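J.: Those sequence lines, one after another, are chains A and B.
Sequential numbering of the first sequence, starting at 274, is according to our numbering.
Sequential numbering of the second sequence, starting at -2, is according to our numbering.
Misleading hints may appear alongside valid ones.
Facing chain A, according to a computed beta carbon distance under 7 Å, are these residues of chain B, among others [claimed, not checked]:
1. Gln36
2. Thr203
3. Met365
4. Asp435
These are calculated hints, taken from the structure and not from any lab test.
For clarity, every value in this text was computed on a predicted model and none was experimentally measured.
The beta-carbon is built from N, C-alpha and C at its ideal position, and this holds for glycine as well.
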Amino acid sequence: MRKRNRLLPKVVVSAWSLAMLTMGGGLAGQFLAPDLAQAAALGADCASCHEKPVASFNTSYHAKIWQGKNDCQSCHGATDKHVNDPSKSSVISFGKGGGRSADELSQKCLGCHQKSAHLSLWDMGAHKKNDVSCTACHDIHSPRSTVKQPTVCFSCHKDVRSDANKMSHHPIIEGKVKCSDCHNTHGTLTKKMLNAENTNQLCYKCHADKRGPWIWEHPPVEENCATCHTPHGSRHENLMVEKVVNLCQNCHDDRRHHASVNDGASTSHYVLKRGCIECHHSIHGSASFNKSFSR
Amino acid sequence: MKKKIYSTVILLSLAAPALLVAAEENKTEVHGTIELGAQGVSTSGNKAFFQEFRDLDDGFVGGMQLDALKGAYHFEVEAQNPGADDQSFQLKGGEYEKFKYKFNYDEMVHNYTFDAITPFTGIGTKNITYIATAADTATWTKFDYSVDHKSYGGELEISLNSPFYVTLGADKREQNGLRPFSVVTEHTNGAGRKYAEVPEPISNTTDNLHLKTGYLGKAITASLTGYMSSFNNDNKYFTRSDVFAADTDIDKTNVLAPDNDYRKISGDFSWRDLPLGSVLAASLSHANLQNDFSAADVGWTSAMITTQGVNRSTFEGDIDYTNVSMALSSRPTDKLDTKIYYRYIDRDDKSTVISYGAPTDVTDNAKMLLSYEKNSLGFDLGYRFPNKNKVDAGYEYLSTDRSTAVPAWAGAVINRHDNPESTTDDTFYLGLKNSYLDWLTAKIKYTRLERDSDIDTTAIIAQGADPNRFTARFDTQDKTMDEWKLALEFYPLDSLDLGLNFTHQNNDYEENSSSRTKDDRQSVYADVTWRAVKAVTLNGFVGFEKTSIDANRIADVTVSTVPNRVESTDDTFWSYGLSANIAATDQLSFNFSGQYDKSDGSVDFTDLGYGALENITEFDDYTKKRLEAKAIYAIDPKLKLTLGYLYEKLKYQDYTFSDYTYITGTDYLSGLYADPNYEANVGYVMVSYGF
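Isolated chain B, as found in the complex:
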């Protein structure tokens, strides 16, 4: 409550001087709106899901918007939900063509699950302790999975009515709370992996600073930007006490995200008014991401280092990113548009390679350090034919090289676990647009992608006893994609707009004998706006999406690479809604809206000799209903009274969460995402004053 009072006082102090200025000096125009009201909220079921990103509780609500203008000077303030945990403020202003500034402050909650429980105490600290009475969930610790986000900062740009400008900005992001995580228990004794859901303690900040200077000419623009970003995590690790007798210190140490420093310098350039109506643009950037930490920094003792046989106890992360992009667009005739472009992105990971038992055991992290280089070259053509027909066509070549540097001591080529060193993509598209009729625009587009990969299945199988063997990235396999898109926009009447979009996409991983082999995606979206009479506007939409994915599953690759079953996953999603805005009288208006979403998933198994499996019918299934009604009464042109009501209901079903228990075998669950169902009613009354 105090937070709301403080915020309201600050807001009023913002508005009052502006109003006084307006009263004293006729040349200053001040406009705005202040809203103040109260709301009541009733929630049954999972409040965290209802309030995932918002703070909806009983109490006062409000907002403010203020614009002030005096000649070339302008100033704007905007506040939303002051005092709430999702409040935001923005101030901006300046003198036109001389300087401008802005400040922002934003809070957001991210609620995952409330009233979770765990058989550990000390939740949120760097040491959590397992309780002896773990079999009795009544003795467990209760907590909320929730993270508060805050971001604030500002920017100042100065140009002083010249073609040159300088921009300086800084902002800070803070996160605090508890995020879903889990600890692995008793994994080293070979008795099977066990786990316990516990939250990760979140307390980190990210500081960003940028400085940009540039030139804005009629024909040429150019800029140079420096950007620095530092991430600092208060929690580099946390430890737990013994759960099982076989737990080791390594099992009990949970390493979290490390600090990092990111530096980037970039240059941008554009040159217009070139021959053939051309514009040339280019962008270059180089960035470096670094960190360094020791084993001790992440909670590792020298004994743990010895146990693992690690060749060093420090790590220096060092990754370079280089980007070059350039494009030339031209309009050689009124009917022809062309663009050719080139992009180069390089990621060079020079981080420390660590090994275990080197040189005899070449187990190392080098197989997971990714460097890549992407080169793409393409063109777009657009030609306008008579009768308002336009044809668009284009092609893009993309080459990705993921060659990994070989550590000096390894003495041989290292294939990463995911194996493919290079892929090439060829993408073509052809589109036709017709807008001959004033009341109809029709577009159709076909796109084909052909991906060629050098993935080496033999090398994957030869990975022997490596814990990550037989890993093959589906996103780098050979594949073809065919996609059709159709879009129609109708305007049969001045008062009626209709839109229809249809997409069909098919991906075929033709060379893949294991994992994903194909997927098909269809979607249809339609919407309508009908200004039925002067006082009534109706909006409606409907959407349907269907995704079908086929994948082969192999029981044991070392025995046979022939699939043992086919797994077919179907996802469908329906959504439709309707809204109405009705101006009943000059003073009274109503808004009504409703939306219904339905998600339905399933998995069917086709047995190929491994044994029949039961099909899955509840696979992230849910329905969500939302209704909102609002009545707005204008007491006078400046003063409005709003009475509103919101209803939401979510019903979720999934086979992995059915018959939920907190203890399954030797796993300890916390209730995370266990029952997201909720039903909520919100009523509010709001007074808004415009000035």
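Okay, chain A solo, but in the shape it has when bound:
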């Protein structure tokens, strides 16, 4: 039986009230270019050749916040040469074939955004190291510069796209888990740019029931969830890196049933259906005082 949802109206009303209060007054923030008229004039000049980019920029968050106080040159650099030499190299072009390094392009954004808390570790991240510029993911000419996850991420991380479409997967393609829920794409001090100290601490944020502490731990589980699970998707149920019977035998191979489960022709219940997990259901740990068979 489904419970009635009583919290939603409270959340919505509270948020709306706060929004209306904050929208009630105030002045525009202070931004970069001091000469509003000059900025508008330069924008108009650019539009004479680049009608669509200027039009799309005018719908963007940047344009609305800046309110004409910054011009195209703020990002694209001086355009004096570009007027006479309309090649991409005579201006800072963020598109293909612009000839600028990713670092040069990112520096244009970091000039304003470096003070942002979530960019403080940009220099430590894999994206900077691998020459990924801000505009490789963010389209600042669109109404919202929010990255369209996971589509944008999949364009480079093709293996993750493949995994996310497999039969067993985290609900990434359904939009319920975002790449940024687990990874800080702007840089971290951790491996794989994880949003936590290590894999397990990250997984426990959502899977708090797996945290323990347990009377009976399963050591590989406590050390690294990724020993048994592949996080984006798998051919095998429950995001397993292998089918369960094979995976368990990689560590447990003794004279008991462990060694004889996979004989193909047998109907042994050790191998059928979910295999080992049918009996060893508390595979992540057990809080039972039972000394035997409780895992």
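Chain A is fixed; fit chain B onto it per the hints.
T.: Frame of chain A, contents of chain B only:
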């Protein structure tokens, strides 16, 4: 239906004031989209697999996005699938550089299997009862394996145009439903293990709270964060009635996840503008995870404690986590990037050690309580050579010490069942990137890992009659890994982008005589985007993955440690897809997409004297097809009509699920994952209004 109506009314009440504000005050800009439509769904086969994480049923569908801006103030609302069981709402806003806030509410279903059956009644409660007519599955109880997830919370950050900020956030997660589980029946009489699939009753909450304060300067950033998380489980255990005469109370008591409290304090620091273009960053955190419960809390009576001979009837879980990470990145010249880093992670498990029949019987849980300490030190170098060549190289040393504390009464070193106390990993890599040509970027990278373990096979064999003897973790064995990666990106035309990634990885567990001995992995992915003409864009991709794993199997380690057979597992996965976006006229456009996935697994056995075994040819095999077509007609610049169709088909085959019956010997199955095949058609019409 009521849920959908309520949600729609709430959404409209959100949008209406914003529109009124926009009409009254010219300075406030309000933009957004409202979508409303209806869909019809036809599913044959397993509806739970089709709807694993989504709510796709007949009825109304919709969504909304709203942005409001007034000077430095901004406000955004986004709603998806309002009224459905996978609905989500997000509100955020604030005043630029002064404060910001966000609220979110999200629901998700996780459907495993519908219409499962079990020979127990009382499913979902703390006591389930076995029915006398178990041989007749028509009398069994029907239920759905499904868990509802809800999460909601908010965050407020205040900086007031200063370099200092404070962030306060709280959120709550709820889970309710039935998750796959099973109970073991008649295990103590030595007649062999038997089981019955029954669901685990799920009803739990996780409450999270965080407070962060920090400083954001041009050169220095610093922050201090406190985080608390409490997990509360309404079901600490559930019991079942007798299935067989030999069942004991211990057999019949199923202990579930305990409550826990997690506390963490962390500090982060970065300092840029140092000499040689350097940035120094560090992060420190200390966390503690605790719980405590008694035997009675998990359904254990004093008689059960006596039967087991447990030395105590309470447990205090206590685990400390400590993390130190620091890195120094530098750019001494325009051509050279360097980074050195150090990471330290410590897990100190101080939980209660319990024993059975101590001191004469030293069977205890200490062998399973894991403490570890990991130290890693590494560097990365990147140098830009002429002609847009870049060389990257690096090295990392990782030492893992899994020494286990010895209980005072044990009086000797305790080797855990999985045995290896320490491993060291040395990882090297070398990469080359060339982007000399404007239309081509090529990257190649080689990585080698050498792992050295102190695993003691003699100690494992000496574990005698312990129920977990001969356990040897494959992930901590000696091994070498060689990996090659190649990536190409072509831009031969302004309208054409091509990408190709290839990976070959080989893992060799050279010292391992039992379990996994080696695995090879290859993958190739290619994609293309072609803006064929102004009005037509085509996208395509293809992916192929192959994994081959060899493992030795030993029939009886106490007789001989020589393998009796080799088990070779092959997994292959194909995936390809194509999509087209066509703008037929200024008002009419079409989107078409199709995707095909094929998974194929097999196991071959090579007999080494134990007796020939039949090879397995159906090992998580499946094909999945997906087609989607959409026509979008712009009635005017603000109003759009969308007509769409989605087709999906899944066909699954696996030898462990072939000839499925609910009763196999004395095991009782429930139909869980039994037949995931489905074929589904979805049609929908949607009107969207932009403002």
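J.: Decide, hint by hint, whether the structure agrees.
T.: A quick look at each hint next to the structure:
| no. | hint | verdict |
| --- | --- | --- |
| 1 | Gln36 | violated (16 Å) |
| 2 | Thr203 | holds (4 Å) |
| 3 | Met365 | holds (5 Å) |
| 4 | Asp435 | holds (5 Å) |
Checked against the numbered hints listed earlier, the structure breaks hint 1 alone; every other hint is satisfied.
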